[in-house]
Every structure is written in C-alpha cells, then in structure tokens.
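**Q** Numbered by my numbering, the letters in the sequence shown go through residues 1 to 1105 in order.
Mixed in with the good hints there might be a few duds.
What the hints assert, rightly or not - List time: in silico EDC-like cross-link candidates among lysine to aspartate or glutamate, alpha-carbon distance up to 16 angstroms: (1) Lys312 to Glu77; (2) Lys933 to Asp944; (3) Lys344 to Asp158; (4) Lys1041 to Asp1054; (5) Lys179 to Asp158; (6) Lys892 to Asp42; (7) Lys344 to Asp1015; (8) Lys933 to Glu1088; (9) Lys344 to Asp830; (10) Lys120 to Asp83; (11) Lys974 to Asp1015; (12) Lys974 to Glu1013; (13) Lys312 to Asp83; (14) Lys344 to Asp1031; (15) Lys1041 to Asp158; (16) Lys892 to Asp222; (17) Lys892 to Glu981; (18) Lys344 to Glu856; (19) Lys312 to Asp44; (20) Lys344 to Asp1033; (21) Lys933 to Asp1075; (22) Lys892 to Glu45; (23) Lys179 to Asp222; (24) Lys179 to Asp141.
Hints listed in this document are in silico derivations from the structure and should not be mistaken for laboratory results. If you're wondering where the values come from, they're calculated on a predicted model, not measured in any experiment.
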Amino acid sequence: MRVLPFAVVALCVSVVVGAQEDPSPADDRDLPLDPERTFSLDTDEGTWISVDVSPDGETVVFDLLGDLYTIPLAGGEAVPLTDGMPYDNQPRYSPDGSEVVFVSDRDGSENLWLIDIVSKETRQLTNGSTKSYESPEWLPDGNYVVAATAENMAVRGDARNPKLWMWHVDGGTGIQIIKEPGSRRITGPTPTPDGRHIWFAQRTNLWQYNAILPQYQLAVYDRDTGEQYTRSSRYGSAFRPTVSPDGSWLVYGTRHEEHTGLRLRELATGEERWLAYPVTRDDQESVASSDVLPGMSFTPDSTEVVVSYGGKIWRVPIAEGGQPVAVPFRVQSELDIGPELAFKYPVSNERLFTVRQIRDAVPSPDGGQLAFAALDRLYVVSLPDGEPRRLTSLEVVEAQPTWSPDGEWVTFVTWSPDGGHLYKTRVDGSVEPTQLTTTAAIYQTPMWSPAGDRIVAIQGPARAMQEAAGPFASGASQNIVSVPSDGGVWTMIAPTDGRRVPHFTTDADRIFLYHPEDGLVSIRWDGTDEQTHVKVTGATETGRPEPVQASLVLMSPSGERAFAQVDNNLYVLEVPVIGGDTPTVSVANPESAVVPVRQLTEVGGQFPVWSRDGLAHWSIGNAHFIYDIEDARAAEAVRTEAASDDQSDDDNASEDEDEEQSYLATEIRISVEVERDFPDGFGVLRGGRVVTMRGNQVIENADLIVQGNRILALGRRGTVQFPDFARIFDVSGTTIVPGFVDTHAHMRPTFGVHKAQPWAYLANLAYGVTTTRDPQTGTTDVLTYGDLVETGSIVGPRIYSTGPGVFSAEQIKDLDHARDVLSRYSDYYDTKTIKMYTSGNRQQRQWIVMAAREQELLPTTEGALDMKYNIEMMLDGYPGQEHSFPIFPIYKDVVRLTAETGLAYTPTLLVSYGGPFGENYFYTRENPHDDQKLRRFTPHSVLDGSTRRRGAGVDAGPGGWFRDEEYVFEDHAKGIKAIVEAGGRVGVGSHGQLQGLGYHWELWAMQSGGLSEYDALRTATILGAEAIGLDGDLGTIEPGKLADLVVLEENPLDNIRHTNTIRYVMKNGRLYYGDTLNERWPDERTLEITWQSDEPDNLPAGIRD
C-alpha cells in the first residue's frame, strides 16, 4: 500500500464567446518546447504555399513549413523572414510594403502578428489563447487588418466556424463585422481597392464528410451599408477571391470535374473565363485551416497573378493566351524539431501477469473488504493488503457487485449468450451462488435496500444485449425494478426515462438515481414523487454555450453530500436544500463554488462509490483509493494554522513543507495475478515461401519451426533441426508473411457489462490481423478485454490501445498538470501509447509531448483534417498521426519532413480526408454482403447496414456513390509511396469500418498509388510494429520473435489482393483455420458462433413459391 497526494485545485476557465481577449492556459504564454533536433530543408518545391507580392512589385513573400521567406519576383534564393519553433503562415504585405501581417503561434496560441520588413521586429496584433485565424488582409488605408477567426480545433459546434473581424494596427480588441448565423463559415476576405467592399467565401458549417458540391460560394460585404450579397452559384464551389489593385478583375478558385482551377472575372461586366487549370487541389472538403486555396496575389500593375501550384510559384498573365512564367526558388534552412520519441515495449514472456484493471469496486459495510470485478469475474479482497480471491466458480461474465447491509452477501449481475441474471453469493464461500431472477434479461447496477429485503436494479430485455453489435445495447436500460433478496419475480418500479445507478441514503423510503440532464433525483418505491436534488456542472469549454454536465452524481449515505464525476475527475460537494428550483453547483472552480466543493483527483478516477460511513472510494487501473473527507478537513485546518505561524517567521515557507502537510488519499494496489496463454507445442510449417520482412529476404521452400509462442528457427527445407515429435504441416505452394498489424483499429466491444467474446476480435483475427492498436477507445473497458485475450479467455488479436483520448476538456494548465494527466496512462492504464486529440492550443500540446517523453509514452495525434496542425505536430516531435493529410499532392518538403522526423503515419484511407471515403469505393464495387467468411464473423445487422443500401439522400453523409475519379485515396496513396520510399514509417489502419476485410481494403487502397507489393507488406507488418514500439517481438519472421503468421494460398508479392487468400492464421503459436477460426494446433477446438442464430430459416409460416 502507498499513499498519494491529491491536491484541492481549481479548474477555473472564464471565457466570453466572441471576445478576442481571452485568458491563457498559464500566466506566461510561450512555446515551452526546446528543439532537440534539426531538419535540413533544401527544396525547390513546396506544399500549399501562400504568396503575396510587395507593393513595389519587386519581392514575393511566401510560407513554407511554418516559416516565412522572401524572394525576388524574378526568383532566386529564399531569404528567411522568420524562423524557429513558431508556425508562421499566410503572410500579406501592408499597403506601404513596410510590414507583413501573418498568422503565428509564437506566444503559445494562434494570433495575428506584424513584422517589420527591415528590422524584423515583431508586434502582436491580437491576444487570444483559444483562437484560430485565416487569411489576414490589409485594408487599403493600412490602418486595419481583416481576417476570419474562430475558436481553435479543440472545440466543436458553431464557435469553430470563422467569422469576419477587423483590428486596428495600433491596438484594440477588434470588431466583429459579420456575426450571424452561427452556422456560417467565412474565409478568404479580400477588400476592394477603395476599401468599401470586402469579398469573401462562405459555406454552412465547417466541413462535411463525403461532401456533395457546392460547398462554398462568393459573397461581398458593403462597409458603408452593412449589406451582404452572394456573388456566385457555381456547382464546383467558389472560394479564395482575390481582387486586382486596379479593381478591374477578380480571381477565385473553383472545382471543375475532379480538379481545381482558377476563374477570372471582369468586375465591370461580370464576364468570366478560365485563367489556370488544373491548379493546387482545394481544401473545401476539410476544415481549410489555411483557407480553401493558398493565398495568391496580383502584381501591382494588375497584369499578372502570382500563385503557387504544382509545388512551384508562377506568374500567370491575365491576358488571354499569355504563357505562365515560373518564379524559381530554393529554400535552404535548418528547421527546429522537437525531441525524438522512439520507445520500445518488449512483449513479456513471463507466465504470470498482474491484471491491469479492477472494475466496479465497492467496500463492505464495515470497510474491511472490497468486492470488485477483474477479468469479468467476481473477486473480494481484505483491505488493506489481503490476497484477492474469486467469490464464485461460475463461467459467465460477472460484474457490478454490491454488498448486503449485513456484509454477509454480495449481489452481482451476470451475462452469457442466453441472457443475464442477478445472483447473490455468501462472502465466506460457504454456499453456492444463488440465482435471484427468474427471467433472463440484461440487469445492471444492482443495489440492496437499507432493510436488506429487496434489491433494486436497472433491467432491460436480453434481446437488446444479444442483438447489440457495438458498445451500447439500445434498450438495455428500460426499467427500474426490484427483486426480493431471496429471489423471485421482479417488480416494476418505473421506466428508467434516462435515470440510472439506483442507490440509497439512510432514508429507506426513497431511491436515488442520476439523470444526465436533470441531475441527482430520487423517487418513492412506487416510482412517484420524483424530486431533483442537485445538478453538477464543470467548466464551460471554449466555444461551448453551456458547461459540461457531470457524468455521474451519487448521494452520500447521510444525504448531505454528493460524489460527482465530471470529465475524468472526481469531486465531493455539499448538497444544499433550498426548495423551489434545483440548485446547480459548478465544480469548475472549487474555491469559488456556491457550496463547499472538494476536488479529489488530478490524475483522474473511475467507478466512484460511497462507503457506508461516508468515505469516498474510487478506482483507476488496478489501484483503489479511499478519501476521508473529515480527515482531509482536519489536515487542512492544521496546515492553515501552521501556515499562519510560518507567516510570522518566514514569509517564504517552502512548498515542499506545505505538500508534506497535505491530506493524502490512500492508494491500494489490487494485485490479481493470472497466467498468460502459453501454448505447449512444437510445430513445423514446411514447404512454404516465407516473406520474412527482414530487408528483402524471401526464403523459398522453407522450414519454419515454432516452439510454444515463439519462432525457434527458420531456413531452407532440411537445413534446420527439429525433434522427431514435432508436428509437421505441409504448406507447400503457400506464402507465409508476418501477422498483420492494424495501427488504427476501432473494434468497439460492449461497454459496461461485457460480452464474453467480442465478434470484432474474431473477424479481425480471421482476416490475419494478429495485433491491433485502438487510438481512442472512449472508455477503459479495453483494458479488461486486452487482459482477457492475454489469458486466452477471449480469442482475438493482441489488444493494444491508447485508452480514452486526451482531449481539450483536460484544460491543461502547465507542464505539471500534463504530467498528472499522462500518469493516468503510464502509471495506471499501462497503455504504452496515448492519443493527443486536438488537446488545446500549441502550448498545451507541447506540454503533453514533453510529459509523454518523460513518462516514455508514445503519443499519436488526431489528424483533424488540418494540414497546418499536422505539420506543427511533426515539428514538435509527435511520433504518430492518425488519418490522412487532408491535402494532396504533397511535395518533397512534406515528404522528407514526415520521413525524417520519424512520424508513424496511419492514413486510414477508408475514411479519406479531402474527398469521398475510400470505403465507398469498395462497398459499391465489391460484394461483401455475400462473402461467406464475412457473413460468419459479422452480425447480420451490421453487414446489412453497411452493404444493402448506401447513400445519404439530399445531404452529405457517411455513404454514397461517387465516380471513380472523385475518390482521393489513390492520390493520398501516391504520397504514401513517396514517404515510404524516402524511409518513412506508414502503418495500416482500418478504422473499424469493416471488421477484418476492411483491413485488406485499406492495404489495397494504400498500394493503389504505385507502392510496391513488398513495401505495402512492410506497412502491414514491420512498419506497423515499429509505429507502436513492438518491433522487437513482432513484424518480422525470425527466430526469437512471436509466432504471429499468416499462411496465404497465393503470393501477395505478385498481387497485393492475395493478402485475402488466407489458409491459416497463427497467433501466439496457435494455428487457426482462416475460414472458421477453428483451432488446428496445438489444441483442436471448434469455435462456436452465437450471434448468427436468429435467422428466419425453415419456418412453417410465410409465403411459399
């Protein structure tokens, strides 16, 4: 046992939506990350270059990989205007040419900045910590700058939609020009030469997946009248308007067929023609954080447009028939890069391991014991340092224990394919468990009444759980019921109506429940007289109109306090009784709350519960915590008195002394040790072609020796020794490759009460996926599922995950806070990797990568449809990115940066960014519905929902049909090819779009850009293993590595589609038939599939031919 300090802290966030002055996450805003590497950039081409021409027509300023450069209009060597860690982009010259306005995050968050061309001194124009900015432009008088601004990517909803603002260059907080509607997104403002009108592009909302054109149209704002007018109606959209200095011409971008081009409009007549086609692919199908097209500019004489496309900069004459002239450039620069995070995580060969998670832990009435679930079985342990022991010998899922008032019995829920029940068992083990319910159903969160005569639970039909194919069972929580404590028929109390987690105070006449909208409520035993006691809220996240609601609130046994979970942290608050309207208590800032509020956690906590004597209990990972509020109060009183005494003696009393006097929550590690699955076998796969993935090694007619769960030897047939008793499998004519690694596998097993065998685990293993990493699981259920696979209780791939993502709701305040948050993953979840999911501004994201490095965690990032953000994260040293870059093509600046920073890039092309999802191509051109193997491993409802009808009606949505040339996965795949050939690391991530077969679709899509079959297999094996730090044990076929293999009927080096010709899958030394997952060796076991039993076959009634 050890004790851990939990400080009482304030998470105070004060945000005024729409204001340009907002508080920073810390007092000193800056970029805290020190560069530790450099990237030598030497390029004559670039990706997404915004350009502007100086008013004298002599110089071009442009951005590249977060720095600004200048070159003569005629071309030449680029001269840095800015450099260093800040990400600077979208530069525009002032009307007199003395300054450039640009977007930069040099103070920790995006703002507008000005730089003097001669002195290079900068000054800050805006001062926010939560904003993003697009397309700044000067008004002609040089006194104001206009730009589109919104809340940054950390928020959702209308606040993320940029609106038009203007700022005086000498100061002020800015003026919003266009406010409503909230759903309107504005970008690309450009004023006319007289300053009266501002052209811009607009659309509804930020972006759409599988977008249907048009998305944007042009509009103009009249600064004299305040009127706005739409000025385009093109099918291909219209965006990035640019007005000539003489006011005669307008250039803008639009889509024609599958390409983007530039249109030239004569403003006097409205006549138009094409100016250039095709040009840089627009970003209208993503968030367009640097506008929908890169910035372009007329020359001062209005005769040419300077624009980037094809990775180069061009001068394009507006005269018909005029030939474009290249503006050659060369950038030679040393870019600052953050630290290298490249940790390795050996796969243990120890027979025993400690279970990573205890669930639903609840103390006995006397506080001396703890009942909990581990590995979906019921345990009890004597506190503080007893040995955990099983309470039953049932072979079903057991969950959610609760104690009888006398402490003699524990009630719990079960689940099996036949349904669930309520059971009770004596804690001393003197009798067999007793089934209390007579009707199979899904039962949840049981609780004994104070009198001990009845048990209250949430109940729903078993069918809801049986038919649930995902994490949630729709309809599983339908009724609040009670069951006699000695067993019998349940009695209906009331429909749940969203209420859950029944519990009691000392007042036995009322049942308390939590409703996510109404708050903590109570009802009588007959379901009447609902009373609402308190609502609990957290911080108002940036851009949100309402504060976050508590996910759970529990009344204390005395009825005076409540235990609340808000986001990841836990709080205790006094419950005021005021009559009338329900009191709302915000825990965002405990020190200024309306009633006493105590924050119990910084690391986070789960499964909160009260003990009978009013102690707060919770668990996280395999640790259990006990917090005594009265002891904490007493400790604080002593500390306050000591601080008062110290003040008179030493005004600078050390923080260490103060920390020593802090109340310490008791932490108890619950050690449940179990055996790993270690097969006992000695086998030989003889005669196959082995593609080892070690360099270019391919061994024909090989002997591959497996002992236990490891590869013992490998060589040409007859060249390696093995004992006579070894089992020989003739695999002549096959090709053997390492087991496939899915680095972005959302498999979505059931949350809460678990199912004994997730179907998605089987589907993936059957298709050769032997290792998975889920980057953002939403809940921690995956910890238990992963351990169950480790023991062999569940059949499936190796289960790795980041656990729940690190979101902006964490409100990271400083590096120490980031350390606390990440210790959740390193000290308690043991996930090895984390998902940094757009967690605030760049300063906050740098704190996270710094803390991750200290704790040897590999952070991967959400791609977020934002190329600017993607490059920033590479510069900061983040070692992983999920989802594709939203724009294409990428040129050698981005290709080399991706490769040389060591980014593990998982593009998930089945959900491509920047165009239609790749999965739609396969759904509408293959026939997965009638694939017999897929039908075996996929619930019928899931397969029908994906394959029988696709399309989104009028609005864009998750499906649809698109012409072949509209798909963008092949364009992305060309970038993948370039990255891999440059030495970069790319992984295959199916995103859970179609479990099992979807992995192969993703691999085939990635190879469609010209990647060699061998390199494609590298992404599926060794590169994926490297991406998640497992290449020491996985990813290649060689002695000493784990025996994870796929035996293919056809050679994928001839055709990548042969990856789906699976004869056998071997995972951890167990050999399975690919079509059935029946185990062939070392044990012979038939896999039973339970979810396909409800088919309308051979019924006597129905229409007959």
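**Q** Taking the earlier hints as the rules, which of them does this structure contradict?
**A** 3, 4, 7, 13, 15, 16 and 24
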